[in-house]
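Asks: If you want the building blocks of each chain, they are given just below.
Protein chains: 2
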Amino acid sequence: MNILIKIVYDGTNFYGFQYQPDKRTVENELTLGIQNTIKEKTKIYYAGRTDRGVHALGQYANFKSDTTIDIGNLPRVINYNLPEDVSVIGAKYVDDDFHARFSAKKKKYRYVVYRSRYRNALLCNRAYEYPFDLNIEKMRTSMNYLLGEHDYNSFMGRNAIVKDTIRSIDSVDIIENRNFLYFDFVGKSFLKNMIRIIVGTALEIGNGRFSELHMKEVLDKKNRKAAGPTAPSCGLYLLDVEY
Amino acid sequence: MNILIKIVYDGTNFYGFQYQPDKRTVENELTLGIQNTIKEKTKIYYAGRTDRGVHALGQYANFKSDTTIDIGNLPRVINYNLPEDVSVIGAKYVDDDFHARFSAKKKKYRYVVYRSRYRNALLCNRAYEYPFDLNIEKMRTSMNYLLGEHDYNSFMGRNAIVKDTIRSIDSVDIIENRNFLYFDFVGKSFLKNMIRIIVGTALEIGNGRFSELHMKEVLDKKNRKAAGPTAPSCGLYLLDVEY
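Just so you know, the sequences run in chain order A and B.
Heads up, the first sequence is in this note's numbering, so the first residue is 1 and it goes up one at a time.
Heads up, the second sequence is in this note's numbering, so the first residue is 1 and it goes up one at a time.
Because the hints were derived from the structure by calculation, they are not lab data.
For every residue, glycine included, the Cβ atom is placed at its ideal position computed from N, Cα and C.
Take these hints with a grain of salt, some might be off.
[Stated by the list, open to error] For each label pair, taking beta carbons as the anchor points, the in silico distance ranges come out as:
1) A:D220 - B:N135: 53 to 63 Å
2) A:V162 - B:N73: 37 to 47 Å
3) B:G208 - A:T165: 49 to 59 Å
4) A:Y243 - B:T42: 55 to 65 Å
5) A:A104 - B:E176: 29 to 39 Å
6) B:I161 - A:P229: 51 to 61 Å
7) B:E176 - A:T165: 44 to 54 Å
8) A:Y243 - B:A160: 51 to 61 Å
9) B:K92 - A:F132: 14 to 24 Å
[As the list claims (entries may be wrong)] Which stretches of chain A does chain B cover? Using the computed rule of at least three CB atoms under 8 Å from a CB of chain B, they are:
10) 6-17
11) 108-121
Put together the whole structure using the sequences plus the hints.
Replies: Following this line, the structure appears as structure tokens:
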């Protein structure tokens, strides 16, 4: 059977998602945990990679297995074989040709900003703490320039290896919730650091350093140097993947 | 001047609140952080102690100091002298006779239960994960027996040293919020482990092991053995203190 699982992790103490031979990564732990559960070596496909320090509330993986473990019990048994900062929160059977990465239609990311003059110890590594004034409407307007298909070269982290830098953003919502500001992104795929660089640029606009139009100017320049700083990884969550 | 500060901490990696000579406690870190900030030794009074693993979103402390640091900047400067799992989120001047413990009128605690069949890695050490069915209305009814002034001996942790076990609970609210269940307690003071034992007992009632009346029976027995298990410390938050 082809099994799809939904995964949550706290990215703080991982060297990112992707497998590395000598480092503690989410993929290393998951692959070990799954194989120790089903007692066989199997290839595991993941929906996407996340950078070091980025969290997930909805990462996905699929693998083929003839395990006799009840599908409703499977998350619990895998969790028993995982460290406390990563867990499986769902499992179901999918068609044989389902692939966690290639079958993904949309990915949803949330960037969490905590607006406060003083840091909050319970949000350490869980949000980007931003103490300065922000004009939310200005940031919303600036985001409109990014919607649709564009060359996002300006918003790509250095040293990224990709064939092309054309991507498409379906929507960006900026949601105020008490002291929190959520930047919700939906798109098929994103370049390395793309969301974090967009947020870093938007915050410079919101704080009054640039006008709304700055976002379009940055986009048009197709040069990383034109954009703002990369917002810290601890504010970013892979929320969900739509199949 | 007499200065009152509001404090947040993640209790996970502390041996509780109270000062211990050779252990990492919240009081040890705060006292050091404050004294290193104001560059003088001063007696610091805290609103209350919390057990090992318990968190705070609203702990308070006061101390006398002639520091010239601007009161609006003081939290930031103290935070610079604190580790990342404890922080100051507010400061103000109070009357000379104000005392963080003795001036407290009410304390508000929240116990957070996460209801899910599978554990969630992002809630590790932040909530009590409870996978079984719960009858919320039954738990609400059972809590009514606890309101007002009573001898809460049945709900006191063993080895606690107190003159008397009479306390008064002003209110208990059980709030459903998506997968979360909050038990909100308000009272002047609570016995050691009291809230965690009440929650442990309520969950046994909610899960159908006992009737609503069981809570009254436990209360009347004035014996710790009559009550349910002590719910884990990681679900408990000192939310605020009312002065």
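Asks: Where does the structure disagree with the numbered hints, that is, which hint numbers, in rising order?
Replies: none
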